[in-house]
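> As a plain string of letters, each chain reads:
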Amino acid sequence: MNITVRNLRFSRPGFELRVPAFDGRDAEITAVVGPNGAGKTTFLKCLSGLWRPAEGEIRIDGSRLETLGEADRARRLAFVPQEHAAAFNFSVLDFVLMGRAAYLPLFGAPSASDRAAARDALAYVGFESFAVRPLFDLSSGERRLVLIARALAQKSEVLVLDEPTTFLDPRRETEVMDLLGRLASEQRKTIVVTLHNLDLAVRYAARIVFLKDGRIVAKGRPDEILTEELLQQVYEIPMRIIDYEGRQFIVR
Amino acid sequence: MTHGKRWLTLGILVSPFLVFLFSLTLGPSKISPADIGKTLLSPVVRTWGDAVTPVQRDIVFGIRLPRLLLGLAVGAALSVSGASLQAVFKNPLVNESILGLSSGAAFGASLSIVILGAAVPPQIAAFIFALAAVALVLAVSRASRSPLITVLLTGVIISAFFSALLSLVEFFASPYSLQTLFYWLMGNLGSAGWRDLAVPLPLMAAGVMVLLLMSWRLNVLSLDTEDARSLGVNVKRDQRLVVLLATLATAAAVSVAGIIGWLGLIIPHLVRMLVGVDNRRVLPLSAALGASLLVLADDAARSMAAFEVPVGIFTSLIGLPLFILLLTKSAKIWR
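Those protein sequences? They're chains A and B, same order as listed. Count the first sequence with our numbering and you get residues 1 to 252, in order. Count the second sequence with our numbering and you get residues 1 to 335, in order.
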């Protein structure tokens, strides 16, 4: 499933985001990068239908996002927030089960097949043993993976993740990105993700979009667009790109 | 769940029936359990009807049965509404009084008892002002950017406003009407006959039943609003529905039973400590435990002394210290 954005404009006092064109393709990770305050999260929330842009259109496989109902949209697109603070201490399985909400009517409760979907999702992130653990006992890295599991229980073809690796240690960071890579290659999911770690973006993303001050500065395949001049322009500090064993690394 | 907890859960679920049967035998006129059973079944088993005196029948059907049914319904309605409101406001300390409902009802009752006299019964006045207070709170907070927190703040303010109005009415009240009013405000189940229950009882039953049907959805609604939306839930519509149902059920309860405090806060909390926060368990168990405990408290209130102590005083006096004790020992169940 492809997700496309045309002529998007979102504004709030003191800030305006404009995205003339953006395409997320299936079986690919598209990374959105840029400095703090560039509008990355704003863009993701518009893309996910959570915030309504002033202008422009967003389509998932041809159908316009705002014409879909909440449940219909959630069956096609799952949003993974940066951090999650539930008010109540649910068990991990009960929390992941909430990913099935879009499939259940107002008076409905999860069936055996919903529970199976939640367990499969937990197993996919390697957390099948976490089912009965209370949410509040998890570390922030573990919570991140549980949030991804909940999104997988939604069984949507588009996954939008807001900084899924921030605050994670190198091992968890790699685990999360490997997981996203597998979801793209094995399940052909369309993945859009914001990242601060440029090395991860270069290594995992098929395409990178550079955002700054609410505008797209550059977009395309990393090997085609990545230059030291671009990084200097976006982050306003000198950066070097170093080729080592066939891979690019960014150093300051 | 451990084996012990499973039995405790089952025990809570059947407790309203046991408490109901036990409480039927309590009262100033001694009627044996066998006679109570015969009286209850006399409309069905004709031959037993002859063994029952008209006085017994009047006591069981006219006095004890409506009081017990009211107690069960009020206990369930307050507890289930409390648990549901706590979920949609994402805050385990929310109860009906925070929405302005209790003080609105109290002011309505005072208007009726002190000023309007018999023209408008206190039940109707209390019901109307309970709804009016909640409507006012929701209308004021609707304009705000973060409605949920504003609802709670506005609720406190509107409550204070109605309390001031109540004081004003009390100031001008005669000693006699003041006594009646105080008795009403303290909350009691004794003043209701069948006629008073005709509307409130079905309202409470309907509210509790629909909320029970929504219990899984309440889990999702207890997440951050935007998070719940991203999962495909129409949060605004569902929140409104829950607040409407909880308000109707609670207003109906308060209108006949007066202000019975703290039940809506304590019962769901007790249940969460026992079985965790999944509302599919919390709601039915809150209904059962709230119904049983309120009727038991009422049993104590009416049999402890020669006169009746208002049960509302009882629930607060026993419930709050118990609650504090449990709070200090409870596992982490909320943020």
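The reader is advised that the hints may include incorrect statements.
Stated by the list, open to error - For the chain B half of the interface with chain A, some residues (derived, Cβ under 8 Å), not all of them: (1) 5; (2) 217; (3) 234; (4) 281; (5) 308.
To be verified - Distance condition first, Cα-Cα at most 20 Å in a straight line; then the derived DMTMM-like pairs of lysine to aspartate or glutamate: (6) A:219 - A:199; (7) A:155 - B:227; (8) A:155 - A:61; (9) A:45 - B:278; (10) B:236 - A:169; (11) B:236 - A:66; (12) A:155 - A:173; (13) A:45 - B:224; (14) A:155 - A:114.
In case anyone wonders, no lab produced these hints; they're calculated from the structure. Treat the numbers as computed from the prediction; the structure is a model and nothing was measured. For each residue, glycine too, the CB sits at the ideal point set by N, CA and C.
> Does residue 236 of chain B pair with residue 66 of chain A here, judged by a C-alpha cut-off of 20 Å?
Between residue 236 of chain B and residue 66 of chain A the Cα gap is close to 17 Å, so the pair holds against 20 Å.
> Verify the interface restraint on residue 217 of chain B: the C-beta must sit less than 8 Å from at least one C-beta of chain A.
holds, 6 Å
> Quick one, are residue 236 of chain B and residue 169 of chain A close enough, alpha carbons at most 20 Å?
The given pair, whose Cα atoms are some 38 Å apart, is violated under the 20 Å limit.
> Tell me if the interface restraint on residue 234 of chain B is satisfied: Cβ within less than 8 Å of some Cβ in chain A.
holds, 5 Å
> Please work out if residue 155 of chain A and residue 173 of chain A have their alpha carbons no farther apart than 20 Å.
Violated, at about 23 Å.
> For residue 45 of chain A and residue 224 of chain B, compute the direct alpha-carbon distance and say whether it is at most 20 Å.
Status holds; Cα separation ~15 Å.
> Within a Cα-Cα threshold of 20 Å, do residue 155 of chain A and residue 61 of chain A meet the stated pairing?
Holds. Residue 155 of chain A to residue 61 of chain A sits at ~16 Å (cutoff 20 Å).
> Does the interface hint hold: is residue 308 of chain B within less than 8 Å of chain A, judged Cβ to Cβ?
violated, 38 Å
> Decide if the proposed pair is consistent with the structure: residue 219 of chain A and residue 199 of chain A, CA atoms, cutoff 20 Å inclusive.
Given pair residue 219 of chain A, residue 199 of chain A holds - Cα atoms ~16 Å apart, limit 20 Å.
> For the pair supplied as a hint, residue 45 of chain A and residue 278 of chain B, confirm whether the alpha-carbon distance does not exceed 20 Å.
The given pair, whose Cα atoms are some 28 Å apart, is violated under the 20 Å limit.
> Minimum Cβ distance from residue 5 of chain B to chain A below 8 Å?
Check failed: Cβ of residue 5 of chain B comes no nearer than 14 Å to chain A, outside 8 Å.
> Are the Cα atoms of residue 155 of chain A and residue 114 of chain A separated by 20 Å or less?
holds, 11 Å
Figure legend: structure checked against the earlier numbered hints; hints not met, in rising order: 1, 4, 5, 9, 10 and 12.
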